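Visitor: From first to last, the protein sequence lines stand for chains A and B. Sequential numbering from 1179 applies to the first sequence in the working numbering. Sequential numbering from 14 applies to the second sequence in the working numbering.
Read the hints as simulated data drawn from the structure, not as lab findings. It cannot be assumed that every hint is accurate.
[Unchecked claim] Per label pair, the in silico range of CB-to-CB distance:
| no. | chain 1 | residue 1 | chain 2 | residue 2 | range |
| --- | --- | --- | --- | --- | --- |
| 1 | A | K1591 | B | K92 | 47 to 55 Å |
| 2 | B | N155 | A | K1591 | 33 to 41 Å |
| 3 | B | N155 | A | N1587 | 39 to 47 Å |
| 4 | A | E1603 | B | K20 | 56 to 64 Å |
Bear in mind that the values here come from a model prediction, so they are computed numbers and not experimental data. Note that CB positions come from ideal geometry on N, CA and C, so glycine has one too.
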Amino acid sequence: MSTVLQDLVNQPYQHGFVTDIEADVAPKGLSEDTIRLISGKKNEPEWLLELRLSAYRQWLKMEEPQWPNVKYPKIDFQAISYYSAPKPKKTLGSMNEVDPELLRTFEKLGVPMNERAKLAGVAVDVIFDSVSVATTYKAKLAEVGIIFCSISEAVHEHPELVRKYLGSVVPVGDNYYAALNSAVFTDGSFCFIPRGVKCPMDLSTYFRINTENTGQFERTLIVAEEGASVSYLEGCTAPKFDTNQLHAAVVELVALDDADIKYSTVQNWYAGDENGLGGIYNFVTKRGLCKGVNSRISWTQVETGSAITWKYPSCVLRGDNSVGEFYSVALTNHYQQADTGTKMIHLGKNTRSTIVSKGISAGHSNNSYRGLVRIAPTAAGARNYSQCDSMLIGERCGANTFPYIQVNNPSAKVEHEASTSKIGEDQLFYFAQRGVGAEEAVSMIINGFCKDVFQQLPMEFAVEATKLLGLKLEGSVG
Amino acid sequence: MIYQDSKTLLAVRGLHATVNGIEILKGLDLTVKSGEVHAIMGPNGSGKSTFAKVLAGHPAYAVSGGAVVFEGGNLFELKPEARARAGVFLGFQYPIEIPGVANSQFLRLAYNTVQAGRGKDELDPLEFDDFVREKMKLLEMNPDFLDRSVNEGFSGGEKKRNEILQMALLEPKLAILDETDSGLDIDALRIVAGGVNQLANKDNAIVLVTHYQRLLNYIVPDYVHVMDAGRIVKTGGKELALELEARGYDWVGAEVKANAGVNA
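For reference, chain B alone in the conformation it holds in the complex (with noise of 0.2 Å):
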């Protein structure tokens, strides 16, 4: 929701970002205030999961232009673990698995590393079971999930839900969730859109990547924008969502090529 008063949080200024040396990212702005809820759309190697990475810090991405500033800081000066600390959340496209680690352990040293770092009380595993069976219920999730290896063997939809427990423990600041829709069925994205809304607040944001309208049907974005080739090419309302379900991304690319021409 779009508050008159709210600060901003995220300041993206022309950044640029390559991996393996290929520029991905050329010239990207983006600003994203407390409160609201951002939808990044468009197609397929445009470059959306890349700046996702980009803000956690993925190690494989290399800034090369540009900056961010998240908060009145330079981000890009925050080790990944840092940044997670200080608010910044990646819901994964592809959880990663993690063999022989239960769950309840990673989410609990996830919790407690990040309260730590926050100045904030740290629980044990008793308290921690409560809080977090608590938090699981927003979700749907079966207690289960606790005693399994973190994403070993999840289906697509339950490492999903997954990922937005993570985000309900942690209560980040801004959530960039990156194709969260993706390979869920109808319920459970019901159940994790569900799940995203009750955690949207006046104090954070959500930039939310993804290919689908259907995605925003349920969590109703303040802003859409379309990237194409490395750079945010146009900003609008909801409405351009279901603009872009009806017409795809061409027609964006040629407005963008025309406009180029005109200013030329």
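Chain A on its own, in the form it takes in the complex (with noise of 0.2 Å):
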């Protein structure tokens, strides 16, 4: 690992949970009382409060899912903190004041000046005068109809359409996280595009305001009206520490007749040290809903970050001619454990789906691709084409593939194929011999690898992504 990534990754991290009593922090635990907590601090309508009740009475009666391929110490979530109210970040007068490492990976990463600057907890605006780019963005968003805020602001302003939708597509009992996420979360982003618009840029969770404390149970939802489209970046490629170990997000997509929601994420979190110690447990539920004839949701992730990653991206394809989209890269180094993958649930007719899985092992860590393709009975016609490539790097890491196909109609047609491929030393030698040194080799063979992923990625991401790639690798080669 190269000694930026390293100072980086050695900076002050709290392991475990956070255990000062400020003043407006809910009690540790999880209980009734403190639902109603969370849910009175935000001034919640009964409804959501029914939510989220309604949610933990399930969780309770849940367990913990044992299937996952991946290991780590009982979580006792009767020692976390549930509600802290959102502190202001410290605000830093300029970018003289930020720590130059950071400032340094930046620019390895090739991060956007404007961005490093929010990143780094400096206010935009005393960079970049006194036109806010998040106010600007809002504005130009609203003209067209579009709705893009926080999950408590659209509680609040946007009502009908949340009750209408939260939860319609991860049922509050959904799964043991999902239904702890339904029980507790905090905010996250309200994105509501109406019928025919098409979004006129990317949606970035950069331009939301109030995106710094979303918190560790975060919760998305985004609605596509009839004929409406939008594209959704989520997560940055910067490295991303937090002081909560657990994290359970909540995205709900939602996409009417013709509308088309592309979600792209990448994800860098606090993966642990180099000795697989402390690092993000990431548990993620993230699905979407074809609702419509002819609509279409794709995903496209780049996981390199956590110690633990849990995430199947799925979608849900209802209406006739429907398309789901899965496009993954997982990267694990040290001792990273990812078990990551996609479901493709099948309902209507002539429904398609595509799954591309790139996975990438390195040091001593696990990556699992667990996939489901359901072809249900009344999907007559349906197709599937699922690729699951693994890379290992090294001797001591591994690679799984969990394949699930369900097929119910005997018109459908599903395809898989997978392959497992090694960066030999006799690659690197050709390299070498070419002039080429192991990292920049590495690095090419990687891309190549991935290629058919970032090329669905937004142009700035894909390049972002690449290098984040190489970085993650330093050192694991050679």
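With the hints as a guide, dock the two chains, each given alone in a separate frame, to form the complex.
Guide: Following this line, the structure appears as structure tokens:
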């Protein structure tokens, strides 16, 4: 690992959970009272409190899933404080006050200047004079009727929309972590694209106000009405630290007739140190519902961080002729563990899905692809194509593929291809003999391996992702 | 070609090398001057390919004795990539496949890295495209090669042409071509050999590792060396290759043993 990254991950990082009780922090532990407290603090309507309580009551009866191919110590859910009033982060006056190591990492990743400032916690307005970028974008979106705000704000400003769609794709009792999230989520994003509107720009959490304190139980809801389309970007390539070890987010997407949602993620959360200490546990439920005919939902993810990744962005293809896509690169190094993949549930006629998964394992890490393709009896003419490729770097890592295929309609066509390859000494020697060092060689091989996924990412994101993979693998070969 | 005043490019003295703890090279000596073409022949297992890989710095081979001076400096102080930038080129006997990486990308990265290492200008993708297409004509290569993954699914002949294309791009001082003739049909052999001949000049040198005299009809060597049991045991002119073709290698071994007996 490069010294830059090493220094960065060695920054003071609080293992475990926050211990100091401050003024506006709920006592540790989860109970109906905690949930009432959260809902009360946020001044929520009765229906939302009911939704939370219902989720909590179901969660109590559920067991933590044991099937993922990951190992971690048992989580004590009563040791977590589920609410703290959002505290503004300390804002720095200028880029000069930012840790130079952090700036060097940004430089290496090619993070745009304005984003660097934001990520480093510098007030953007300080740098860009008077006009706040976020405000400008928000005004532009409002012109075409797009709503893009925090979910708390949406609960108050657009209650009918939130009530209609929240929990409609991921029911409150869907799974252990989704139930927990539904009970205690504190904030997240809401995005609504009205009928016929093509969102004029990629929506990024960066442009949303109040993104800093979304907390460990983030909730996102995106709705595209008939004929609407949107491309949504989550995360960024810069390393992200959090004092909360457990993260359990829920993302719901709804696409009505002819709507199109593209959701791209680059995740680079703290992965623990090279000995596997610390790091974030990321248990995420992401699901899209292609509710209308001819709708399309496309997930693209580049997962490079977290100590544990448990994540299966899925598509429920209910509308006839609807399309689901999943493009994924999951990279694990050191002692990271990833169990990630997708579910494609074909309900409507002539529904189509594509799965392209690229797993890269280095160090002592373990990387599993887990995917389900289910063709319901109603899904006449459904088609799926899956491609799962694994690449191993070194001798001590592991890669697994767990594909589940359930076909209940004789007219369906399902294809699955899988491959495993290894970056070999001979390949690196071949590059070296042509003047190219090991790191550049690995970067080129990896980028070739991930090409099919990267080309799905928005341009700047793809460039950053390419560099990110190189950075994450530094020192793992040669 | 032998030039009177040319300088020594490569001096190998008493080279010993092992792979997996087994000694393969046992005191090899060789001097190569710029402008010259050398052919190294010898039976299977005599250490020809090992010698080629040791010069290029393959990590599986360990140098256990002796010295190699390249252009006045200790070659073994350089990492494999630095040797390549300094002008040592190995044409692989079995070129490596790199799935997913377009040949054009690979060739440009190699070219620009070596150019940068020599303090020369790099080329952007468009400039490089013109440049590489021109070089490909030399080897009668179809431009489709540029879009395919490096060596993946290439026929034996295509792989070898791709090797010589890289030699043409990187303009090495010392090109070691390890059995470049194996797997080539007559037409491909003529084309590849023609390419090598056009690249040879008075400032560089070529070392051909080969089993067969056939290649030497096309690329005429100044010296022919015979390797046996990890050493060069006999050196002659191009006519030695013809003699080897006619008589095999056994007589060389016998001659070496006889001489050893005399010396003892």
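Visitor: It remains to establish, for every hint, whether it holds in the given structure.
Guide: Hints, one by one, checked against the model:
1. A hinted range of 47 to 55 Å for the beta carbons of K1591/A and K92/B is consistent with their spacing of about 51 Å.
2. Between N155/B and K1591/A the CB atoms are about 35 Å apart, so this pair conforms to the stated range of 33 to 41 Å.
3. Distance hint check for N155/B and N1587/A: the Cβ-Cβ separation is about 45 Å, which falls inside the suggested range of 39 to 47 Å.
4. Between E1603/A and K20/B, the C-beta spacing of about 35 Å breaks the proposed range 56 to 64 Å.
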